[in-house]
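> Next come the chains, spelled out residue by residue.
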Amino acid sequence: MGNMVKYLMRRLLLVLFLLIGVSLLVFLISHLVPSDPVAANMSTQAMSDPEAVEVYKAKWGLDKPLYQQYGIYLKNLLQGDLGTSIRTGNPVIEDLKQFFPATLELSVFAMIIAIVFGILFGVISAVHRDKPLDYIFRTVSIAGVSVPNFWFALLMLFLFYAQWGIFPGGGRVGSRTATPSGGTGLYILDGITSGNWSLVGEAFFHLLLPALVLGFFTMGLIARQTRSNLLEVTSMDYIRTAKAKGLPAGKVISRHALGNALIPVITVMGMGFCNLLGGMVFVEKIFSWPGIGQYAYLSATTLDFPAICGVSLLIAVIYVVINLIIDILYGVIDPRVRYN
Amino acid sequence: MKVWKRVLAVVFCCIMISGVTACGKTNSESNTSSNDGNNESSGGGTLVVGMDSDLQTLDPGHGYEVYGNMIFYAVYDNLYKTYGTSTPEPSLAESYELDDSQTVYSFKLKEGVKFSSGNDLTSKDVAFSIMRTKNLKSNTSHHAEAVQSVETPDDYTVVITLASPDASFLVKLSNNSFAILDSEVVKEHGGTDAEDAATTDTAQEWLNQNSAGSGAYVLDNWTQNVKVELIKNENYWGEVKNEKVICNEIPDVNTQIQNLKQGDIDIALGVSMDNVSQLEDADGVELLYAQGYTTTFLLMNQDPDIGGPLADSKVQEAVRLAINYQELLEICGENATLPLNIVPEGFTGALQREASEPDIEGAKALLTEAGYPDGFDVKFTVASYDSEGMSWTTLGQKIKDDLSKVGINAEIETAEIGVVIDSYREGKEQFLLMHWHPDYMDINNQLAFLPGDTIGERANWTDASNTELEELKNTVSTENDPDKRAAASEELQKLFAQDNPYAFLVTHPKVLAYGSNLENVDYYEVQKIDFQNIVIN
Numbered sequence: 106m107g108n109m110v111k112y113l114m115r116r117l118l119l120v121l122f123l124l125i126g127v128s129l130l131v132f133l134i135s136h137l138v139p140s141d142p143v144a145a146n147m148s149t150q151a152m153s154d155p156e157a158v159e160v161y162k163a164k165w166g167l168d169k170p171l172y173q174q175y176g177i178y179l180k181n182l183l184q185g186d187l188g189t190s191i192r193t194g195n196p197v198i199e200d201l202k203q204f205f206p207a208t209l210e211l212s213v214f215a216m217i218i219a220i221v222f223g224i225l226f227g228v229i230s231a232v233h234r235d236k237p238l239d240y241i242f243r244t245v246s247i248a249g250v251s252v253p254n255f256w257f258a259l260l261m262l263f264l265f266y267a268q269w270g271i272f273p274g275g276g277r278v279g280s281r282t283a284t285p286s287g288g289t290g291l292y293i294l295d296g297i298t299s300g301n302w303s304l305v306g307e308a309f310f311h312l313l314l315p316a317l318v319l320g321f322f323t324m325g326l327i328a329r330q331t332r333s334n335l336l337e338v339t340s341m342d343y344i345r346t347a348k349a350k351g352l353p354a355g356k357v358i359s360r361h362a363l364g365n366a367l368i369p370v371i372t373v374m375g376m377g378f379c380n381l382l383g384g385m386v387f388v389e390k391i392f393s394w395p396g397i398g399q400y401a402y403l404s405a406t407t408l409d410f411p412a413i414c415g416v417s418l419l420i421a422v423i424y425v426v427i428n429l430i431i432d433i434l435y436g437v438i439d440p441r442v443r444y445n
Numbered sequence: 107m108k109v110w111k112r113v114l115a116v117v118f119c120c121i122m123i124s125g126v127t128a129c130g131k132t133n134s135e136s137n138t139s140s141n142d143g144n145n146e147s148s149g150g151g152t153l154v155v156g157m158d159s160d161l162q163t164l165d166p167g168h169g170y171e172v173y174g175n176m177i178f179y180a181v182y183d184n185l186y187k188t189y190g191t192s193t194p195e196p197s198l199a200e201s202y203e204l205d206d207s208q209t210v211y212s213f214k215l216k217e218g219v220k221f222s223s224g225n226d227l228t229s230k231d232v233a234f235s236i237m238r239t240k241n242l243k244s245n246t247s248h249h250a251e252a253v254q255s256v257e258t259p260d261d262y263t264v265v266i267t268l269a270s271p272d273a274s275f276l277v278k279l280s281n282n283s284f285a286i287l288d289s290e291v292v293k294e295h296g297g298t299d300a301e302d303a304a305t306t307d308t309a310q311e312w313l314n315q316n317s318a319g320s321g322a323y324v325l326d327n328w329t330q331n332v333k334v335e336l337i338k339n340e341n342y343w344g345e346v347k348n349e350k351v352i353c354n355e356i357p358d359v360n361t362q363i364q365n366l367k368q369g370d371i372d373i374a375l376g377v378s379m380d381n382v383s384q385l386e387d388a389d390g391v392e393l394l395y396a397q398g399y400t401t402t403f404l405l406m407n408q409d410p411d412i413g414g415p416l417a418d419s420k421v422q423e424a425v426r427l428a429i430n431y432q433e434l435l436e437i438c439g440e441n442a443t444l445p446l447n448i449v450p451e452g453f454t455g456a457l458q459r460e461a462s463e464p465d466i467e468g469a470k471a472l473l474t475e476a477g478y479p480d481g482f483d484v485k486f487t488v489a490s491y492d493s494e495g496m497s498w499t500t501l502g503q504k505i506k507d508d509l510s511k512v513g514i515n516a517e518i519e520t521a522e523i524g525v526v527i528d529s530y531r532e533g534k535e536q537f538l539l540m541h542w543h544p545d546y547m548d549i550n551n552q553l554a555f556l557p558g559d560t561i562g563e564r565a566n567w568t569d570a571s572n573t574e575l576e577e578l579k580n581t582v583s584t585e586n587d588p589d590k591r592a593a594a595s596e597e598l599q600k601l602f603a604q605d606n607p608y609a610f611l612v613t614h615p616k617v618l619a620y621g622s623n624l625e626n627v628d629y630y631e632v633q634k635i636d637f638q639n640i641v642i643n
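Just so you know, the protein sequences line up as chains A and B, in that order.
One point on numbering: in my numbering, the residue at position 121 of the first sequence is 226, and numbering is uninterrupted.
One point on numbering: in my numbering, the residue at position 347 of the second sequence is 453, and numbering is uninterrupted.
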């Protein structure tokens with residue numbers, strides 16, 4: 106346990122340096138783009154007024170040298186201030202608080218779908234190796250990793266919304282429903298805690314289709330990994346012994362094979378979650394989902410430096426935390442792994 | 107373990123049942139909205155609009171985004187308005203008088219107008235609003251640049267003095283930068299019209315979530331990138347047909363189209379010529395092809411070091427002659443128009459170009475005269491962008507094809523719009539496809555193309571030796587007699603056509619798609635949709 110604490114401390118210290126590195130990198134890259142945030146945010150005619158341009162530059166600190174801008178940014182960052190978004194005019198931290206819950210809700214549901222169906226499809230494929238069921242689920246999982254998510258999103262929206270009217274067409278709630286205010290911003294959780302079951306239902310049904318699209322790639326990844334690991338494990342001696350002892354096939358798989366087969370899948374889950382964040386921009390745009398993906402896209406196109414840095418830091422933190430959790434999980438699940 | 111599983115199953119069932127109920131409710135709501143004639147079922151007079159907006163603020167003193175005008179028009183009133191016309195009509199002003207110097211405007215205000223707060227709208231609010239915009243030194247402040255002072259002799263008289271005559275002043279007054287705010291309320295929330303307002307005014311944050319106007323609607327809630335919700339202003343001085351307006355942010359146009367078909371929204375603002383075919387035969391959907399004002403043009407740099415062969419006026423004319431305007435019109439769709447040059451159709455005195463075939467021989471002869479009998483190679487910058495849905499890449503390709511017929515090999519270089527705008531602004535582009543969208547519906551807004559003005563400088567066209575052009579420019583920008591001004595405008599366009607470093611291509615049309623259960627839907631380029639007059643059946 107002592108080793109584990111030391112390991113955690115070391116990792117957290119590294120995270121700090123990593124974040125400073127990320128902030129510097131993002132800051133430099135976003136400022137080295139051969140474009141001008143003044144031109145991106147001010148109108149052509151407003152720019153003909155030098156006084157207005159000067160006021161604008163002074164307001165957003167764009168009149169200072171780059172190193173000074175970064176110095177100010179880092180100083181504020183250490184105080185928990187990510188700056189003010191040029192595009193929205195709000196503190197970036199407030200914007201992230203507003204948009205992140207939508208992304209979190211969507212990505213968690215997408216991940217649940219990916220894990221549940223990924224493992225299920227992988228197990229079925231492995232158990233029915235080279236039989237029709239295996240071919241069907243392998244096709245689904247290959248489609249998951251190879252179909253571009255923006256195309257899949259449009260297809261799903263066309264079929265399940267426009268053609269059949271089974272699911273709603275975009276947004277977190279109906280187009281005529283007022284935006285729920287207060288709470289955590291996680292509509293399902295807010296609905297449950299406030300007993301607003303109609304909100305829970307509406308939010309849940311609006312969530313299903315985008316979550317399915319977003320989780321499709323990771324589902325394919327998990328299914329393929331689960332299948333190959335399970336096939337490898339089931340060829341081992343201890344499984345043969347279990348079978349020889351007369352255990353039913355179902356118990357052999359669920360109690361003896363699956364646990365070991367899933368260890369490498371955990372790594373894939375981490376990768377899948379990070380990949381899922383990458384696919385967020387397209388899915389959020391197509392499903393009118395007001396999350397971090399859309400916020401990042403709009404910030405990038407308007408050269409909103411503080412917002413770009415804020416989103417990048419947030420994503421970096423998520424990557425680091427996910428990888429940390431996975432490393433810890435390894436130690437918990439597999440006693441052979443020790444953190445010395 | 108079993109108990110835990112049962113609890114989970116019950117929770118899941120509850121969510122599914124309530125979800126099915128909610129989903130069913132959403133669908134039934136939307137179906138009735140688009141198909142039957144029951145006003146109640148279409149959201150109780152709730153108009154739902156889908157848009158991909160660029161809204162950054164809802165403070166009219168700062169707002170400069172395309173869709174901001176639509177919200178400001180619904181929430182605030184101005185002294186004059188120009189919805190559907192380039193001729194200003196009185197709104198909060200009843201009448202005005204202009205003195206002999208053409209610089210002092212005396213406006214008589216309507217009496218009995220109240221803000222949504224219940225406060226009376228008086229001259230002090232007008233003075234505060236105009237001076238606040240001027241002193242904020244923000245995106246819209248240049249509209250108020252010419253305002254020298256605003257005086258309020260009594261509660262219903264406003265005297266505005268300009269530094270110099272400005273024939274477009276009444277049109278400018280209809281812009282959101284001159285929206286009239288409730289000075290008492292705005293001051294309460296940190297607003298000021300003092301000279302140092304650029305650094306001391308703190309009302310923007312409050313105005314992003316609330317409104318302080320006398321318009322038909324009140325801002326109820328704005329969640330950026332999600333939706334703007336407006337509710338009827340109970341103190342409004344005119345008639346309002348709908349109780350509520352919801353403008354949903356739907357960034358993907360295909361989603362907007364599907365939402366409209368399903369009746370989840372009543373109006374789709376993002377439809378363009380590229381995707382209108384998806385709606386042409388759709389049941390319950392109407393299409394409105396409206397006059398647009400965004401004009402695409404080619405810029406040819408006048409500086410020989412940058413423009414090369416294109417700096418030669420003969421080559422510039424050859425480029426104009428080589429373009430197949432007839433085919434350009436076909437590409438850009440119904441209601442596209444061909445401006446002769448700087449003034450698009452819909453503006454007073456606008457002249458149009460004939461949809462002619464290219465004059466290949468004429469163009470080749472000019473190129474030979476200029477010393478390029480075999481043509482030349484040139485870099486042609488085309489940003490990844492579009493005008494009202496018309497891809498610049500498609501337009502650029504068409505221009506390249508046309509020019510190749512006279513021996514000009516235009517090598518297209520694509521770049522992000524942000525990058526192109528930068529070098530365009532600095533006057534470094536040799537040959538560029540660009541567009542111009544007017545801020546207000548007056549020819550003065552288009553004079554930026556003349557030598558020494560904003561766009562002129564970007565083409566390095568700084569030669570102001572054409573005194574006739576200068577005189578016409580002065581007449582157009584200052585003459586208040588409409589007939590004299592229109593005549594000067596026509597003369598200016600004809601003279602401009604003889605020698606300039608541009609080739610004006612097309613004024614692009616706008617397509618609006620809406621549910622056939624709506625009546626009185628109209629579209630105007632600046633303020634977009636007038637919510638208060640739309641009837642939901």
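Just so you know, these hints were derived from the structure itself, not from any lab.
No residue lacks a Cβ here, since even glycine has one placed at the ideal position from N, Cα and C.
Treat the hints with care, since some could be wrong.
[As the list claims (entries may be wrong)] Under 7 Å between C-beta atoms, here's a sample of chain A residues computed to sit facing chain B:
id: 1; residue: E156
id: 2; residue: V158
id: 3; residue: V160
id: 4; residue: T193
id: 5; residue: A267
id: 6; residue: Q268
id: 7; residue: G275
id: 8; residue: R281
id: 9; residue: Q399
> Please write out, lowest number first, the hints stated earlier that are contradicted by the structure.
The structure breaks hints 2, 6; every other hint is satisfied.
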